[in-house]
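Protein chains: 4
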Amino acid sequence: MIKVGIIGATGYVGQQLVGLLIRHKECEIKFISSNTYKGEPFSNVYGQYRDIFQMECIDTGKVSEHLSEVDLVFIALPHGLAFETAKLCKELNVRVIDMGADFRLKDVDAYKEWYKLDHGAKDLNQEAVYGLPEVYSKEIKDAFLIGNPGCYPTASILGLMPLLKTDFIDKQSIIIDAKSGVSGAGRSTKIDNLFTEVNESLKAYGVATHRHTPEIEQELSNASNEKITLSFTPHLVPMNKGILATSYVNLKEFVTQKELYDLYKEEYKDAPFVRVIDDLPQTRWVRGSNFCDIGIRVDERTNRIIVISAIDNMIKGAAGQGIQNMNIMFGIDERTGLDMLPMLP
Amino acid sequence: MIKVGIIGATGYVGQQLVGLLIRHKECEIKFISSNTYKGEPFSNVYGQYRDIFQMECIDTGKVSEHLSEVDLVFIALPHGLAFETAKLCKELNVRVIDMGADFRLKDVDAYKEWYKLDHGAKDLNQEAVYGLPEVYSKEIKDAFLIGNPGCYPTASILGLMPLLKTDFIDKQSIIIDAKSGVSGAGRSTKIDNLFTEVNESLKAYGVATHRHTPEIEQELSNASNEKITLSFTPHLVPMNKGILATSYVNLKEFVTQKELYDLYKEEYKDAPFVRVIDDLPQTRWVRGSNFCDIGIRVDERTNRIIVISAIDNMIKGAAGQGIQNMNIMFGIDERTGLDMLPMLP
Amino acid sequence: MIKVGIIGATGYVGQQLVGLLIRHKECEIKFISSNTYKGEPFSNVYGQYRDIFQMECIDTGKVSEHLSEVDLVFIALPHGLAFETAKLCKELNVRVIDMGADFRLKDVDAYKEWYKLDHGAKDLNQEAVYGLPEVYSKEIKDAFLIGNPGCYPTASILGLMPLLKTDFIDKQSIIIDAKSGVSGAGRSTKIDNLFTEVNESLKAYGVATHRHTPEIEQELSNASNEKITLSFTPHLVPMNKGILATSYVNLKEFVTQKELYDLYKEEYKDAPFVRVIDDLPQTRWVRGSNFCDIGIRVDERTNRIIVISAIDNMIKGAAGQGIQNMNIMFGIDERTGLDMLPMLP
Amino acid sequence: MIKVGIIGATGYVGQQLVGLLIRHKECEIKFISSNTYKGEPFSNVYGQYRDIFQMECIDTGKVSEHLSEVDLVFIALPHGLAFETAKLCKELNVRVIDMGADFRLKDVDAYKEWYKLDHGAKDLNQEAVYGLPEVYSKEIKDAFLIGNPGCYPTASILGLMPLLKTDFIDKQSIIIDAKSGVSGAGRSTKIDNLFTEVNESLKAYGVATHRHTPEIEQELSNASNEKITLSFTPHLVPMNKGILATSYVNLKEFVTQKELYDLYKEEYKDAPFVRVIDDLPQTRWVRGSNFCDIGIRVDERTNRIIVISAIDNMIKGAAGQGIQNMNIMFGIDERTGLDMLPMLP
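Protein chains in written order, with our numbering: chain L, 69 to 413; chain A, 69 to 413; chain P, 69 to 413; chain U, 69 to 413.
This is chain L alone, in the form it adopts within the complex:
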């Protein structure tokens, strides 16, 4: 049994980790922590868990006292708050999956630029592995520290990565127009996230400034051996869950849709959670599951490729991917505990 702790268990991502891990057959939750709800049973915060999981939240400030009980911690805190815990885990030889943004960017200057914060664990950051199993499976296996990818980057990178390895696209022409359900905004009490402010409306936000941009650029640059600069525009959609990323890439040479489909199928032939499909993806087709669905279209009129990728932002975009990483780190089948079917209706 893998013994784990979850730091920040009462946010949406932390909660999703709890939900998946209590059904995971080779994993045991040893502690969960919360700032806001310390001392309360988990099911007080989330009524769904009544009779299922009543573990009491420990104080996030006192997690250090419990680290020695576990093999792995998930840190599900706002950015900037994972540095010290990660250092402590290093000392204690406890592996770490950081669900936040603190260990995703290799370039600590980029971290400072986009997050307006000095990176607080530069040495450790060198060791961190970007936790996208479809790319870094081998490195994840032996990693001490995983930077679990952001939700938008997961959908965007999986959708575009196969193209970046080719020669037939204009690699500087990438535009990603992404749309997310509201859970991506977390469980914070801002007027902007009230039902009455979000429902029956649609908006873009963070245009040209969203912090997931350098993360996507980093990974697509790695895939292409060329520094990629791209446009990324997120939108807020009145639904609970789901991300759809619509990406546009200019072609330098003509390719057919069939050729692209085959390229993607080949790229992801061993990836159990990526489904390359004929149809155009819909977020409901992946809701509640760890799948990423990808559809590709060639527009001959404009000489562009349009790639559409869909994930559940809470699962493949966060907790599901974290568990997939954990599975790989501990040498068990990466699908363990992740066989949820998409929920419908």
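Don't take each hint at face value.
Simulated crosslink set (DSBU-like; lysine-lysine; CA at most 30 Å straight-line) [as the list claims (entries may be wrong)]:
1) 130(A) <-> 209(A)
2) 295(L) <-> 320(U)
3) 320(P) <-> 295(A)
4) 93(L) <-> 98(A)
5) 71(P) <-> 71(U)
6) 320(L) <-> 320(U)
7) 93(P) <-> 174(U)
8) 93(P) <-> 320(A)
9) 71(U) <-> 93(P)
10) 326(P) <-> 180(A)
11) 93(A) <-> 337(L)
12) 184(P) <-> 326(A)
13) 258(L) <-> 106(P)
If you are wondering where the hints come from, they were derived from the structure by calculation, not from laboratory data.
Small disclaimer: the values here were computed from a predicted structure and weren't measured.
With the hints as your guide, set chains A, P and U onto chain L.
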């Protein structure tokens, strides 16, 4: 392995059966049928099932050719269409769980009155067991034919049944004000079910005439040894799934909330899917799961009890309950294949 | 021109008053106030009003300096905060419509009991008129101070009042099961009101304890010359706007649906905003308008009447009714500025 | 008084025309027609209109008998059905605003290519004016026949047109990623439009093949004196109304955001319904109104302009624009009957 067939697999209830049964460890789907989509792979109809379940739908009209391959059939068809198949199954010694309304009412005259249709299998109807495991567990075990309860009746009966066995309520004072998500209306193409007609609105329907009324009355009468007549009013709520039933009962003698809570706890102490809770139930706390959550309030000002019960109409209100019945019929743990957690957000 | 000020203009009710009054041909807004947004132009708070209404919010704490500029103030503040302003207005001879709960209950002890607060203006409270134009039109005309009805009471009272004047119902049997969109919860930042907490869910709240209960009882008692005690249960529905109240009343003598329909038609024949309809009301049929739609059903099986009434909680349930009151107070057609059609889809 | 008829009054666009025109002070509806609901009062189809507008729908097939009663007809029918009526109107000297697609494209070959149908009124098509008042105000004034713009084209063209008149952009680099509420799909009974299929999901559709593409290209080509080819991708969003178009354009020379803002302000200084704003538009800010809100961002990192434009697809994207055209055609203030405020919440 229990070998099953699903007749009418491409409606919402049929689909939910498929989704649950392909994850059920002691069950094997031998055939699925559809009128509309015969000859098509299931994942063509529901894109969610790509790479997961591509079984081809056989023609519902030709199901008889396949009955001998299975131990049990689920019939998920509109009312009036289960009679002949059930008779055939009787001959072939194939057990039947009818998800529709054809075998729920003991009184075939009531069937005719409310469904405007002569009952087409009166003899068989005598044998049918009402498939509410919290009440008829023993009878279900040996049943050849199960009438799987309606969604509203499941929430209503579980919420009220413990009271009907007592002497302190006015048994003719029951009012059930129920609210359902839109999946209860099925997958039929009516203008009334369009997104733009349902969203951002709320309405009552079938006031004083809804067909689930006699079903609730039958079961509450059974529980109380007195013929119960009650008011039942359903409402359509702009959400995909979930039923909340708010029931009102007049007290003849005073009881405390604590006494009622204890009564309910005792009643359901062996029922793994009924959660008697302190709080007021919310449909999201049971969404995607087989739970029925029940909360009780005594209003001393008005001398009334208010009982609130919540289910996922597609799971405990349909497919989940059907599988619970199947498990009992075949002597396995009734929870098998039904350990889904409520989904959030 | 009626000169008005709006205190608390940046809440949802205040905002709705602004929206309706800037299109009202015989009214001029002289000031708007806000605690949170003092000094900011209104269109900064509500982007909808760009290029339309940029008046700067004055500090609610400094409203007294501006009262002499107006004929009437609307107070749209949480309960308990209208007492002092109302007293000051009395001195200055400025008429008042309180959108909150401070002047709705005639019985100041009931106020204390339900609102947990001593009434701070008991003398003035004696003068206050309950601002339901369909009942108190004459008193409203000459009133100095109006207690504008709550949203649930408006729907409930209009739906039940005609019955209370008759002899054929059991007046102590009333049960009101009401459902509201989320705007009724106001614009406060509570986790419970986040999109992700409300969407795709349904719950009852305030069971047997909601503060609108004594208000409904007061008015139905007045209509019937008998002290009425009733059950009132509110529910939260995932939609922005709209209230549907489903009310149950036991019959003492039989009446037909036609007789009831005629009774209601007669009762409301001069009420321009009440529509007695054959069909069952839907909240979308009144959304954005000042209408209250009422449908009635007699259930002969149970000997009960079911009355369903629907309003837009922000319009007839708040701002629209306030303006209807203002119109009557100033001797102009009560429909002035209130001819909005229901919005669809 | 302008006397008008509405052909196809019971679709969503026709209905919206009715709703706006019955409040229009200089217009009188002489007839409304419907195929599906002929002989029925309008308020039977749309319960909102009870006590407001009960005019009986005439048979759309018999409209010709009534054309002589009107000065103008709105044709709100599916494409391909406006040709014959338009010809007849020409003979009878009745002006026409076609809400559909039959008279939007100047190039009848393009019509055939995209709509898979021979154009049935090629001569008349030469006379038709594209009814975008912000561009063709002068031509609209004298037009006999207006092709009222599509919803996506209205948002897209208004958002991009000012840029097309400049020299600093790469005019062949345009990508429009557009998102629409479900009312854009009309009131047809397809499974894809059911609440349970649309809610809590998001998808792209018609990728590289949507029929609004040539319409946008036509108008942007006109603005730039250069044949424009662009990418247009529509998405379906779970909300009733609203379109948000996010457009991407590459810069050839650097410009500042301030310069662009000023350019847009100048371009639309006389357009009463276009609001160039500092913020990023949200569809709720224009919901229920005839406004088009436009926000512009320069992304210096990628050397791109991002333009975001928002409309209510039923108002500025259809009926409101049609009435704006009517006003101009008949020489009255173009704002007449269109002063609806955006509705909130």
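Cross-check of the supplied hints:
The hinted pair formed by residue 130(A) and residue 209(A) meets the criterion: a straight-line CA distance of about 29 Å does not exceed 30 Å. A distance of roughly 21 Å separates the Cα atoms of residue 295(L) and residue 320(U); the hinted pair therefore holds under the 30 Å criterion. In summary, the hint linking residue 320(P) to residue 295(A) is supported, as the alpha carbons are separated by about 21 Å, within the 30 Å threshold. Proximity of residue 93(L) to residue 98(A) is assessed by CA-CA distance (about 28 Å); at most 30 Å being required, the pair is judged to hold.
For a cut-off of 30 Å, the pair hint linking residue 71(P) to residue 71(U) is broken: about 38 Å separates their Cα positions. For the hint pairing residue 320(L) with residue 320(U), the CA-to-CA distance comes to about 19 Å; that is within 30 Å, so the pair holds. Distance check on the hinted pair: residue 93(P) and residue 174(U) sit about 44 Å apart at the alpha-carbon level, beyond 30 Å; violated. A C-alpha spacing of about 57 Å is found between residue 93(P) and residue 320(A), which places the hinted pair above 30 Å, so the restraint is violated.
Taking the CA atoms of residue 71(U) and residue 93(P), the gap is near 26 Å; set against the 30 Å cutoff, the hint holds. Among the hinted pairs, residue 326(P) with residue 180(A) is consistent with the structure: their alpha-carbon atoms are about 27 Å apart, no more than 30 Å. Among the hinted pairs, residue 93(A) with residue 337(L) is consistent with the structure: their alpha-carbon atoms are about 27 Å apart, no more than 30 Å. Distance restraint check for residue 184(P) and residue 326(A): the Cα-Cα separation of roughly 25 Å lies within the 30 Å cut-off, and the hinted pair is therefore satisfied.
The suggested pairing of residue 258(L) with residue 106(P) holds, with an alpha-carbon distance near 19 Å, which does not exceed 30 Å.
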